[in-house]
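K.L.:
Sequence:
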Amino acid sequence: MRLFSDTRILVDYYECDKNVLNITFSGFTSIKNRMPFGVEISNRFNQSSLIITARSNHYYHYNDFMESLIFFKKIVSKYKKVNIISCGMGGYAAIKTSRFFNANTVIVISPLLGNTYTNIDFYNKDYEISIDDISGEIFYIYDDKNHIDEKNLKYLLTKVNVNFTPFTNTGHIAYYALNELSLIDYFFMGRGEINLTKFFISKAKHIFNNIGTKSVTVFCNYYSSMNEENRKKIISDCNIDEMRISNHRSDKFNEILARHCNTEADKFYLQAIYLEKEGKKEDAKKMYKLALQLNPNKIYWNFQLARLFQNLKDFNSSKIYYETAIDLALCDNVYNNFVSDWSNRLGIVYEKMNQRNEARKYYGLSLSTDVNKRDNHEFRFNLNSNDFEETKKIAQFVSDVLPICKKTVESYTSSLCESNYVFVYWGQGISNAPEVVKKCINSIITNTKDLNLIILDDNNILNYIDIPKNILNKFKNNEMNHAHYSDILRLLLLKKFGGCWIDATCFLNSQLNLEIPKILGNSEFFAFMYEKPMISNWFLVAKKNSYIVDLMLSSLLEYWNSYLDLKYYFCFHAIFYSLYIKDEKFKKILDQSMYISTKIPHKFQFVMMDNFDKKKSEEILNGCFIHKLTYKFDESKFLGSYLDMLIKS
0 MRLFSDTRIL VDYYECDKNV LNITFSGFTS IKNRMPFGVE ISNRFNQSSL
50 IITARSNHYY HYNDFMESLI FFKKIVSKYK KVNIISCGMG GYAAIKTSRF
100 FNANTVIVIS PLLGNTYTNI DFYNKDYEIS IDDISGEIFY IYDDKNHIDE
150 KNLKYLLTKV NVNFTPFTNT GHIAYYALNE LSLIDYFFMG RGEINLTKFF
200 ISKAKHIFNN IGTKSVTVFC NYYSSMNEEN RKKIISDCNI DEMRISNHRS
250 DKFNEILARH CNTEADKFYL QAIYLEKEGK KEDAKKMYKL ALQLNPNKIY
300 WNFQLARLFQ NLKDFNSSKI YYETAIDLAL CDNVYNNFVS DWSNRLGIVY
350 EKMNQRNEAR KYYGLSLSTD VNKRDNHEFR FNLNSNDFEE TKKIAQFVSD
400 VLPICKKTVE SYTSSLCESN YVFVYWGQGI SNAPEVVKKC INSIITNTKD
450 LNLIILDDNN ILNYIDIPKN ILNKFKNNEM NHAHYSDILR LLLLKKFGGC
500 WIDATCFLNS QLNLEIPKIL GNSEFFAFMY EKPMISNWFL VAKKNSYIVD
550 LMLSSLLEYW NSYLDLKYYF CFHAIFYSLY IKDEKFKKIL DQSMYISTKI
600 PHKFQFVMMD NFDKKKSEEI LNGCFIHKLT YKFDESKFLG SYLDMLIKS
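If you're matching positions, the sequence shown starts at 0 in numbering that gives the first Met the number 0 and goes up one per residue.
Treat the hints as calculated values from the structure; they're not laboratory data. Take these hints with a grain of salt, some might be off.
Distance ranges between label pairs, derived from CB positions [as the list claims (entries may be wrong)]:
no. : residue 1 : residue 2 : range
1   : Asn-521   : Leu-311   : 51 to 61 Å
2   : His-481   : Asn-419   : 24 to 34 Å
3   : Leu-329   : Lys-586   : 22 to 32 Å
4   : Met-644   : Asn-419   : 41 to 51 Å
5   : Met-644   : Asn-296   : 41 to 51 Å
All figures in this text were calculated on a predicted structure; none of them were measured in a lab. Where is the CB? At the ideal position from N, CA and C, for every residue including glycine.
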């Protein structure tokens, strides 16, 4: 049950056991693709849960967070036992919260506990809790030993009386909290090697003797429920540091390999990880390859090698192994949770190779498979990584102005109307247009004889629409380029008249009055798309009074009113995408529209400077009623090209 939600925090409450309540604190970044540690415990014991998830972990250090806890005190007070389970909120915030609720047990997962007060500059300074001050309180510490060295761990244990202190390698969530518990033996118990499976059975009761009556089974059940691949990964993660601790003695190394590797492939893989951690990346690469030659369908092994190639900037090799890992993971119930992250990585690889269409494809796959995507995580869509910050700004902008824009649009009372208008715009006039543009406009004239075609330029545009003065001034003062200016023109025209907008660089080869009913259907809007909702805006069809056009225009005008210094080229697309995410009605209308890939009408553009082939040309042109061309091309390749033959035809 959702108790509370705002821009900073979500609070969910699930009532099960009426005696024990586990309060779990997490951040969105901590729980991506993973179940929070506290939720795992609650599910195991069928205990009640109060799950608090902050948009930023830093929020737990603010005054208003502590003040907000008062609203949940009534729920907490009815339980006999309260456990605070902190997954990334910070050790000191967890302790403060436990005192507020008089909790029985605190499990702290805090990378910097004991090493410093905080690494956050803007948090409430009254939050500071000294190490000496917390001595004697009942809590467990789960921590990341990468952040605190062994010396500090031992110092912390001398200062704080804790029941149990497993310092893991990546201990922020349930899956990772198991990874390196065997290292406790090396750091604190001094008894040498231990068997991982026996360790779980013998230590589980000691770990959670204050959590629940079934505590003895929590880890061994979780461990045994994992598939073989995950169990081996846990063991190999433990073994890698075991190798490092052994001072890399060759006899010790071989002993570890013999003890934990059942096949030659396992041995190669474990050696690859070890060599990579030692910085010997070329040697590691060879070992990964040997492992995959023997077992090519190991999902995580393919990912590891892809990641290593990416680090080595061998992007051609990296993409091969990423694609293999993703294809295998999509068919695997465990590893399909990784598809979103791996697809995003592959998108970045394709960017580095300047293959933007492939990058868009995998960014889209990343988005569609990210079950935990929220807010700004959703706005890395069809753009490259340099655009990510700009799209985040626009996403926030849309969140801020949507209520105002929506209210404006909903005040319009007119109903949807069919329209037979077609608009084409070339600012300088057709007589001054390049030959390819003239050819395209002639094709539009030929194929719109039964429609009301209006050809526009800067001299006649004001005869048809009223352009806001600030937009005109920006355009005249070179504060807005032709692309951004025409973004607004097309929406103003479609709002007033409805109908169809066609860029002047579009070649029509079929009667448009026959095509529009097919693509528009019962919807009020159509655009070619990369993947929904990533549209192209060079060809738009809309009924008059379309909600999508009205809301998009209102938002775009507000953007240019508010952001005087922004010249982000893809602002139209980013705003459109943000509206799709933020507004249910906008999303519903677009989802009902027909999907046609924008790649189809771009096929001719991709080959237009190649040597002409009549059969292939006819095949491409017959594949779609419209083709998006460009007037920017290498003139030295023009003669004898597809474009040359098209213009002459």
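K.L.:
All the hints need checking, so say for each whether the structure fits it.
P.N.:
Verification of the hints:
1. Between Asn-521 and Leu-311 the beta carbon distance is about 52 Å. The supplied range of 51 to 61 Å therefore holds.
2. A hinted range of 24 to 34 Å for the beta carbons of His-481 and Asn-419 is consistent with their spacing of about 27 Å.
3. At roughly 25 Å, the beta-carbon separation of Leu-329 and Lys-586 lies within the given 22 to 32 Å, and the hint holds.
4. For the hinted restraint 41 to 51 Å between Met-644 and Asn-419, the CB-CB distance of approximately 32 Å leaves it violated.
5. A hinted range of 41 to 51 Å holds for the C-beta pair Met-644 and Asn-296, which are about 48 Å apart.
In this structure, only the earlier hint numbered 4 is contradicted, and the remaining ones agree with it.
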